[in-house]
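Engineer: Residue strings, one per chain:
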Amino acid sequence: MPDEHYNQPVADRSLIACPHCDLLQHLPNLASAASARCPRCNEELWRRREDSLNRTLALAVTAALLYLVANAVPMLGLTVVGREAATTVIGGAEHLWQVGQVAVAILVLFTAIVAPALQIVLMLAIVLGTRRQPAPRWAGTLLRHHGTTQTWSMIEVMMLGVLVALVKIADYATVIPGTALFVLGALIVVLAAMQASFEPREVWEKIQWAEAGTRDRALDARS
Amino acid sequence: MGAGALTAMQQGLQGCDICGLLSRPTPGHEEGRCPRCGETLEFRKRACVQRAWAFLIAAAVCYVPANVLPVLTTTTAAGASSDTILQGVVLLWSPTGWPLSLIVLVASIMIPSAKILALGYLLIAVQRGSVKSNEQRTRLYRMVEFIGRWSMVDVFVDTFTAALVQLKPLMAVEPGPGLVFFAAVVVLTMLAVESFDPRLIWDAASAMEARHA
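Chains as they are written, first to last, in my numbering: chain A, 1 to 223; chain B, 1001 to 1213.
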């Protein structure tokens, strides 16, 4: 049983603490596309985005489709003196696994395949769940973990790595950039746009509070 | 900042890292849960300086084999050769390939070492209770947080080079023993950054301001 002591929220909802320096301040009401920064440490506290939920949903659906294509088709191929070879994204991790580099294989699998998939799927679930009124608590639970998937999703880093590998190999073989390489390029742009259009504040304001859940459970237990 | 500048901790309030809600713990408790998102709240991340040091020292230890051991082994008909990260940079250096060589140099050698040094500096500054240049320190922290993931580039380069160049007996590339140490450096420094609490940078200055207010 986790610790069930819930904090008491402050009455003034515009009062916030800067996440980077803990300075107490009032968040101003913002016009569309305006942003508020901490006066002490310059951290961006809030950026108001227009029509955030719908735009994020559209971009998340696009990202999901691109992700599926990017992982289904070959990413890189090469030919040298009549011999051919090709690999997919997952093929890279698979080869590491086969040659005994298990730890690195898991890391590549996680950062290039699992974390991006979770990043997209959680985002889809969050924006779809928030369309209900009030937004269900599980949307909040997913949003709590969404930051982690974002930290470890490294498609753009992988892309740079693949490009370097491509040029390296081009010295002694003919490289064939696969379809997945171009799809990944598009996916990077769409993922960045998805994160940029998403406004977590809007979701948090619509969400059913965690504290309400324990109250409900307590009532259920009594009745 | 004027006399009115106060932090949430000085007021006995906790801002949620996840959802941003400001709340007050139950009297007599140092920590509680955020009533909105359910996250466990503390005034500052618990033992964060010790944890950050632990990850950082582990990263510094792994940094040595990561740079000394080969990350790639190339086998051709003529024989086998192994390259460390630095040798990989040198190999890439050519009249046309130097920009890529520079990318690998920055991502694999400069970023990891700069990250270890920068975090070490931030931790020492926090432990000494320094009150000056906090804004620059916060900016340094944000930069380290933003840039850290890019050192994974070399892991991906080696992964996909090895996966693709499998043309036995003509030529084959395999990952070397240094790769796992290098990956460990990247992961450990990212964990160190995540366990560090940037609010600590300002605590000494906040306490001083409160005394003078």
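Please keep in mind that the hints were generated in silico from the structure rather than gathered at the bench. Any given hint could be a false lead.
[Unchecked claim] DMTMM-like, lysine to aspartate or glutamate: derived pairs with alpha carbons at most 25 Å apart:
no., chain 1, residue 1, chain 2, residue 2
1, B, K1132, B, E1194
2, B, K1045, A, E84
3, B, K1132, A, E44
4, B, K1168, A, D171
5, A, K206, B, D1083
6, A, K206, A, D12
7, B, K1045, B, D1017
8, B, K1045, A, E44
9, B, K1168, B, E1039
10, B, K1132, A, E94
11, B, K1168, A, E211
12, B, K1045, B, E1030
13, A, K206, B, E1030
14, B, K1045, A, E211
15, B, K1168, A, D12
16, B, K1045, B, E1031
[As the list claims (entries may be wrong)] Okay, the calculated bits of chain A under chain B, using three or more residues with CB under 8 Å as the criterion:
no., stretch
17, 97 to 107
18, 188 to 199
Cβ coordinates follow ideal geometry from the N, Cα and C atoms, glycine included.
Engineer: Now, for every hint given, state plainly whether the structure supports it.
Structural biologist: For each hint, the structure was consulted:
no., hint, verdict
1, B/K1132 to B/E1194, "23 Å, holds"
2, B/K1045 to A/E84, "53 Å, violated"
3, B/K1132 to A/E44, "22 Å, holds"
4, B/K1168 to A/D171, "18 Å, holds"
5, A/K206 to B/D1083, "54 Å, violated"
6, A/K206 to A/D12, "17 Å, holds"
7, B/K1045 to B/D1017, "10 Å, holds"
8, B/K1045 to A/E44, "21 Å, holds"
9, B/K1168 to B/E1039, "53 Å, violated"
10, B/K1132 to A/E94, "50 Å, violated"
11, B/K1168 to A/E211, "62 Å, violated"
12, B/K1045 to B/E1030, "12 Å, holds"
13, A/K206 to B/E1030, "28 Å, violated"
14, B/K1045 to A/E211, "22 Å, holds"
15, B/K1168 to A/D12, "69 Å, violated"
16, B/K1045 to B/E1031, "11 Å, holds"
17, 97 to 107, "holds (count 5)"
18, 188 to 199, "violated (count 0)"
Consistency with the previously given hints fails for numbers 2, 5, 9, 10, 11, 13, 15 and 18, ordered from lowest to highest.
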